[in-house]
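Start from the sequences, fold in the hints, and give me the full structure.
In order, the protein sequences belong to chains P and S.
Per the UniProt record's numbering, the first sequence starts with residue 1, numbered consecutively.
Per the UniProt record's numbering, the second sequence starts with residue 1, numbered consecutively.
Since the hints were derived computationally from the structure, they do not count as laboratory data.
Keep in mind that this is a model prediction, so the values were computed, not measured.
Incorrect hints may appear among the rest.
Claimed, not checked - Just some of the chain S residues that point at chain P, by a computed CB distance under 7 Å:
hint: 1; residue: S58
hint: 2; residue: I88
hint: 3; residue: A92
hint: 4; residue: N245
As the list claims (entries may be wrong) - So, partial list: chain P residues that the calculated Cβ filter (under 10 Å) puts toward chain S:
hint: 5; residue: R20
hint: 6; residue: A23
hint: 7; residue: D72
hint: 8; residue: V349
hint: 9; residue: L350
hint: 10; residue: G351
hint: 11; residue: D417
Said to hold, decoys possible - Computed list of lysine-lysine pairs in PhoX-like fashion (alpha-carbon distance at most 25 Å, straight line):
hint: 12; chain 1: S; residue 1: K348; chain 2: P; residue 2: K28
hint: 13; chain 1: P; residue 1: K24; chain 2: P; residue 2: K115
hint: 14; chain 1: S; residue 1: K28; chain 2: P; residue 2: K55
hint: 15; chain 1: S; residue 1: K226; chain 2: S; residue 2: K287
Heads up, the beta-carbon is just placed ideally off N, CA and C, and yes, glycines get one too.
Protein chains: 2
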Amino acid sequence: MALIVHKYGGTSMGSTDRIRNVAKRVAKWARAGHQMVVVPSAMSGETNRLLGLAKELSPAGASTPELMRELDMIAATGEQVSVGLLAIALQAEGLEAVSYTGWQVPVQTDSSHTKARIESIDDARVRADLAAGKVVVIAGFQGVDEEQNITTLGRGGSDTSAVAIAAAMKADECLIYTDVDGVYTTDPRIVPEARRLHTISFEEMLEMASLGSKILQIRSVEFAGKYRVPLRVLSSFTPWDIDINEEAKSGTLISFEEDEKMEQAVVSGIAFNRDEAKVTLLGVPDKPGIAFQILGPVADANIDVDVIIQNVSQDGKTDFSFTVHRNDYARAIELLEKTVGPAVQAAKVLGDQRICKVSIVGIGMRSHVGVASKMFRALSEEGINIQMISTSEIKTSVVIDEKYMELAVRALHKAFDLDQDQAA
Amino acid sequence: MALIVHKYGGTSMGSTDRIRNVAKRVAKWARAGHQMVVVPSAMSGETNRLLGLAKELSPAGASTPELMRELDMIAATGEQVSVGLLAIALQAEGLEAVSYTGWQVPVQTDSSHTKARIESIDDARVRADLAAGKVVVIAGFQGVDEEQNITTLGRGGSDTSAVAIAAAMKADECLIYTDVDGVYTTDPRIVPEARRLHTISFEEMLEMASLGSKILQIRSVEFAGKYRVPLRVLSSFTPWDIDINEEAKSGTLISFEEDEKMEQAVVSGIAFNRDEAKVTLLGVPDKPGIAFQILGPVADANIDVDVIIQNVSQDGKTDFSFTVHRNDYARAIELLEKTVGPAVQAAKVLGDQRICKVSIVGIGMRSHVGVASKMFRALSEEGINIQMISTSEIKTSVVIDEKYMELAVRALHKAFDLDQDQAA
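See below:
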């Protein structure tokens, strides 16, 4: 008998028929003797509907803490409806089931409305229910702060809730049911030969998640790593009555144990991202403190910076480039042209939105030399110019012209033999 | 400066445009210097939508406490969305506003899910907000039990919430905004000459409410009477920007002070109800305990009984009649024919669904003789046969053939001069 946490996304909860299927799947696990905690998202579309109503009424342009508090009050109802409906569907399956909101558990968070962080989870009540043979359904995405205000964790927060609950309860495994059947070596829509990974290390998953594989919210992966929660991503589209042993091995296990199989693969996957834009300050005086003089105001303007490049100086001048999210591009350019550029005596401000970032990710890179150069050669053979390079222990990213993205991903997928089975 | 509670029904909260109008109306009151607490219902249709989803998933025919708990979990979200949206709309009006769910106040109730009763309200948090100049928006219809489970008060519970909050806070007046502009001497759809009452005593309102004037939930009137909360029913369809002094005097005040004006009117209104059906046991042996032998099993079957008549006996036999809600009619007849009738050796079971109850209500009846006989004469003059009679201190009800209902109401309205102005 194990303690298992299931998390179901909004699509899985999208209709009463689908909720009934979720209940049948959970019932199968419960009947196999497992203690079950289930964390569902809001029914698909519901959070957007609710926030749409709120937006119609909101003061133009406002984002006061008071407004954010009310948005949380409203948005949290989506998951509250889901847990009630799922508990009822489980009761209809003949199980004892009880639902809880975030505050009822309680899932204690800080007071950062709409993007709160979980501080602690008291699992006493849930544990008592499990001991009494009940399936416990807990609302994801939400918590409560010290003053008893309802908070939400931000988009994708239900993943984080599920993992945090699994961590607090020391669950044996946290299964994230989603609309993909696992983590792939890269996006199969771009590389048809992309393979599903049976396991991936949590560090790799972190890089894959942050680099644009939108399977899991990155904070949930961080949480899983920090608290060593075995996490499995698997498909919610398999029939609910497939053999439980088969289901338990399906999808991709995100593990914190580096087993041999993982060591064999130098590169586990190719991630990519075309949400970024590049900005460059040309001819900046190369003197101490220049990076801070440039990036300080950018950070103050709440613009996140990803890749940063400073070239070696020539004649006491240097070029300074960084990437920002495309949504922040216009603001970043304006800031550089009006304030930062003149302040640091830059000769010129350049910008380019038509870029993409392609990354190879693999825990094996730590102990293998020449991985990056193999990447650069593969791109060079396709005639793809590299604009920026950024590396970490288990990842190498390049910024290239957006139009080469698919070509680059396919070339790298082939160069690192990702179309061959890991175990082969 | 007064402490005022406003309650808005689902129609008033039915769209973002309407919520904006509610906010403007509340803002007008706040700017006039009043401390404002607002209790909105769920957006119209929302509670039915939510319970419809729940019903699709519920085990057939089940009504376990566990299921009821989940229904409350789900239904309570309707008001939670409303309070958040209204608080945002108030903020957009430039006011400081904060919303609370039932559990946040907290509104403490018993654990009777879907029909909980309020036990206590802690107003400390709300009072602090009011003192800080905030408008406080509180979710109606809901509370929390001792084990921190969410409860709801049942249909129309938002009226009760508003009155209970007004009582706990010793509010100067509780204004119930609704889709009628006050309490009428009778239904204007039946008697075009029906007049709006400027004031009505809480006892009269109680009789009017329980007799089918569906303006206020009866429990809210009981609450208002018990805690002496001045209650006003007024229209939510007047423009939000009408003069506040005019608005404050509009509608009908439900008062617990019997002023002179009220004493003048012997009968304040005519109520009617065609939701009942009549059942009769003929030829029952007239012996002690017979009423209990009949009505005990009926109560055990959860069938509410209203009017009860037992005729004087002849030859040791009597006839026993009572009315039940039409929804319970078939069950009542079956129960009498199969169980109760044989048990008490009744000669025959009769039933009639085509009846109605018409009542005259008036606090002045206490001190005026001949009111009932005036009623009977008016009906007799129209050739209407009276099947049953039931009286209380401030009301006389008759059960008659359904087809005479409109005729009876009109005749009584005229007989008691209700088309003349009270003050005249």
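Evaluated hints:
1. The interface hint given for S/S58 holds, since its Cβ lies 5 Å from the closest Cβ of chain P, which is under the 7 Å cut-off.
2. Because the beta carbon of S/I88 sits about 5 Å from the nearest beta carbon in chain P, less than 7 Å, this interface hint is met.
3. The closest approach between the C-beta of S/A92 and any C-beta of chain P is roughly 4 Å, which is under the 7 Å cut-off, so the hint is satisfied.
4. Interface hint at S/N245: violated, since its Cβ lies 28 Å from the closest Cβ of chain P, which is beyond the 7 Å cut-off.
5. Interface restraint check for P/R20: the shortest CB-CB distance to chain S comes to about 6 Å, inside 10 Å, so the restraint holds.
6. The criterion of a C-beta within 10 Å of any C-beta in chain S is met by P/A23, whose closest approach is roughly 8 Å, and the hint holds.
7. A distance limit of 10 Å between C-beta atoms decides the matter here; for P/D72 the minimum to chain S is near 8 Å, and the interface restraint holds.
8. The beta carbon of P/V349 comes no nearer than 38 Å to any beta carbon in chain S, farther than 10 Å, and the hint placing it at the interface is violated.
9. At about 41 Å, the closest approach between the beta carbon of P/L350 and any beta carbon in chain S exceeds 10 Å, and the interface hint on this residue is violated.
10. Because the closest C-beta pair between P/G351 and chain S is about 36 Å apart, greater than 10 Å, the hint is violated.
11. At its closest, the beta carbon of P/D417 sits 48 Å from a beta carbon of chain S; the interface hint therefore is violated under the 10 Å criterion.
12. Under the criterion of a C-alpha separation no larger than 25 Å, the hint pairing S/K348 with P/K28 is inconsistent with the structure, at around 55 Å.
13. For the hint linking P/K24 to P/K115, the alpha-carbon distance of about 33 Å lies beyond 25 Å, and the restraint is violated.
14. Note on S/K28 and P/K55: the hinted pairing holds, with a Cα-Cα distance of about 23 Å set against a maximum of 25 Å.
15. For the proposed pair S/K226 and S/K287, the alpha carbon gap of about 39 Å is over 25 Å, so the pair is violated.
This entry does not satisfy hints 4, 8, 9, 10, 11, 12, 13 and 15, going by the numbered hints stated previously.
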